[in-house]
Amino acid sequence: MAVLSWLEASGVSTWVREGETIWAYPTILTLHTFGMGLLVGASAVVDLRLLGIGRRVPLAPLRSLFTVAWGGFWLNLVTGSLLFAADATRRGTDPLFFTKLVFVAIGVATVVSIQRSMSNAPGNPVPGGGSEKVMAAVSLAAWIAAVTSGRLLAYVS
Amino acid sequence: MDSLTIPHLHLLLNHVPTVGSVAGLGLMLLALIRRNDHLLRASLEVLFVVALATLPVYLTGVAAGTAIEEMDGVAVNAIRTHETAALVAFIWMQLTGLAAWLALWQSRRIPRPPRANVGAVLLLSVLTVALMGRAATIGGEIRHPEILTSPAAAAAGAPAGWLTSGAIADFVTQYPWVWPAAEALHFLGLCLVLGVLLAVNLRILGAMKALPFSALHRFLPWGMLGFSLNLATGMLFFISAATQYTENIAFLWKVIFLALAGAHFLYLTVFTNTWSLKADADAAPLDKLVAVAGISSWVGVIYWGRMLPFIGNAF
Amino acid sequence: MSLILAVTLVVIVAVALLGAAGRWVDASADRHEGN
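Residue numbers (numbering that gives the first Met the number 0), protein chains in the order written: chain L, 0 to 156; chain V, 0 to 314; chain D, 0 to 34.
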């Protein structure tokens with residue numbers, strides 16, 4: 000609790016929260032939205048392919064999309080940390096926020112797993128592989144849950 | 000341009016869905032009679048573009064209604080009735096545009112647009128033309144007493160029924176979960192659109208070279224689904240809280256970028272220079288420029304959308 | 000809490016409908032190509 004208060008009172012956090020400039024909270028929030036779009040969007044395209052959309056499209060070249068996804072992830076780790084710090088005492092004790100983090104963690108885990116399995120089978124379309132389909136479904140569900148719980152933070156907390 | 004007020008803009012733009020839907024339908028009928036595939040595709044493209052353009056028409060209409068309702072000689076109830084009729088017509092126009100887009104997407108990979116799909120567009124556009132005509136006629140009664148056929152209509156109270164802006168606004172107020180749910184869906188739709196459009200445009204820019212463009216073209220319907228979801232949720236936001244958008248400069252910019260993005264979407268769907276991009280082929284510099292513009296338009300949509308609470312009102 | 004539940008349900012239903020629509024379009028593309 001003390002850590003959270005310290006975090007929230009820090010110079011950076013105060014600037015994010017109270018800086019009367021568009022470059023503070025609004026910009027950081029907008030970048031966070033972009034990061035979400037990149038991460039969830041790129042991941043979704045791969046997931047859809049694994050679930051059988053456009054099943055004759057070769058899988059391996061889609062690996063480039065992971066670059067986009069990871070770019071979004073790092074952007075959101077940074078912007079998310081700033082957003083958290085600016086409101087640390089509230090978010091740090093909020094079950095809904097932790098729920099969001101759990102879903103993000105699951106989503107990241109699925110992205111890592113899918114990326115690994117795709118680099119092991121270059122050029123081959125997934126042969127209707129059960130485990131890849133399950134992983135893609137879990138990935139989509141986790142990201143949908145993460146985005147939803149993230150949006151709900153504005154209403155519930 | 001200073002004298003071009005919002006009501007004036009609405010009066011200019013409202014010719015697009017009325018005349019445009021008739022033109023699109025007419026072109027389609029001509030195409031079917033002449034059994035001409037090029038004309039058929041052209042009619043589908045016209046209907047899609049008209050559907051896109053109908054969005055700012057509705058939006059300026061709501062703003063115009065607010066602007067003129069205090070004026071002398073204005074039949075206020077006619078404004079409400081017109082708005083309701085316009086909303087219905089708008090919805091069917093969008094469904095027509097969606098069906099037209101689908102036919103255009105399909106006709107990339109088969110010799111001609113699927114018959115069932117074209118039939119659906121035909122029926123939908125006939126209905127749309129009728130509904131647009133009805134909305135336009137009622138609209139005329141707002142300020143044109145010379146065409147008023149039944150004074151009773153203008154004197155009648157606000158329209159009842161569930162598909163009125165009043166009913167929708169009440170629904171949102173009554174059930175607190177509606178707005179947050181719509182927002183969550185709006186963000187999910189954003190992710191889907193950005194993901195698909197980024198993937199498609201990145202191929203043009205040189206990523207995923209092992210794939211032909213046609214492989215990524217296959218994913219476009221998912222982008223369109225995201226776009227449609229966001230159009231629907233966006234309309235819910237607008238209808239239930241119109242003034243927070245019509246008085247917001249950020250919203251104007253968002254709609255402008257949406258129009259660009261929509262046009263670019265059509266370009267990706269039907270243009271031959273991108274479709275014919277084979278595996279390992281490099282796109283022409285101009286095509287790459289257009290791809291960058293396309294990505295930028297979506298960046299613009301997201302930026303202005305996210306900035307709505309900050310730029311329009313607070314700062 | 001009921002807000003979270005309601006929103007979750009709406010999102011699940013909407014995503015399911017969206018997914019079904021997308022799958023249908025994709026399948027129709029396969030059909031037309033004769034796959």
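Just so you know, not all the hints are guaranteed correct.
[Said to hold, decoys possible] Straight-line C-alpha distance at most 25 angstroms; calculated SDA-like pairs for lysine to any residue:
| # | chain 1 | residue 1 | chain 2 | residue 2 |
| --- | --- | --- | --- | --- |
| 1 | V | K208 | V | F256 |
| 2 | L | K132 | D | L16 |
| 3 | V | K208 | D | L16 |
| 4 | V | K208 | V | A135 |
| 5 | V | K277 | L | L100 |
| 6 | V | K287 | L | K132 |
| 7 | L | K132 | L | T29 |
| 8 | V | K277 | V | G205 |
| 9 | V | K287 | L | P60 |
| 10 | V | K277 | L | K132 |
| 11 | V | K287 | V | P308 |
| 12 | V | K277 | L | S118 |
| 13 | L | K132 | D | A5 |
| 14 | V | K208 | V | E145 |
| 15 | V | K208 | V | A129 |
Because the hints were derived from the structure by calculation, they are not lab data.
From a predicted model like this one, the values you see are computed outputs, not experimental measurements.
Now the hints, each set against the structure:
no.	hint	in the structure
1	K208/V - F256/V	violated, 29 angstroms
2	K132/L - L16/D	holds, 19 angstroms
3	K208/V - L16/D	violated, 33 angstroms
4	K208/V - A135/V	violated, 49 angstroms
5	K277/V - L100/L	violated, 41 angstroms
6	K287/V - K132/L	violated, 34 angstroms
7	K132/L - T29/L	violated, 32 angstroms
8	K277/V - G205/V	holds, 12 angstroms
9	K287/V - P60/L	holds, 19 angstroms
10	K277/V - K132/L	violated, 28 angstroms
11	K287/V - P308/V	violated, 34 angstroms
12	K277/V - S118/L	holds, 23 angstroms
13	K132/L - A5/D	violated, 28 angstroms
14	K208/V - E145/V	violated, 63 angstroms
15	K208/V - A129/V	violated, 47 angstroms
Going down the numbered hints, you'll see the structure goes against 1, 3, 4, 5, 6, 7, 10, 11, 13, 14, 15, while the others check out.
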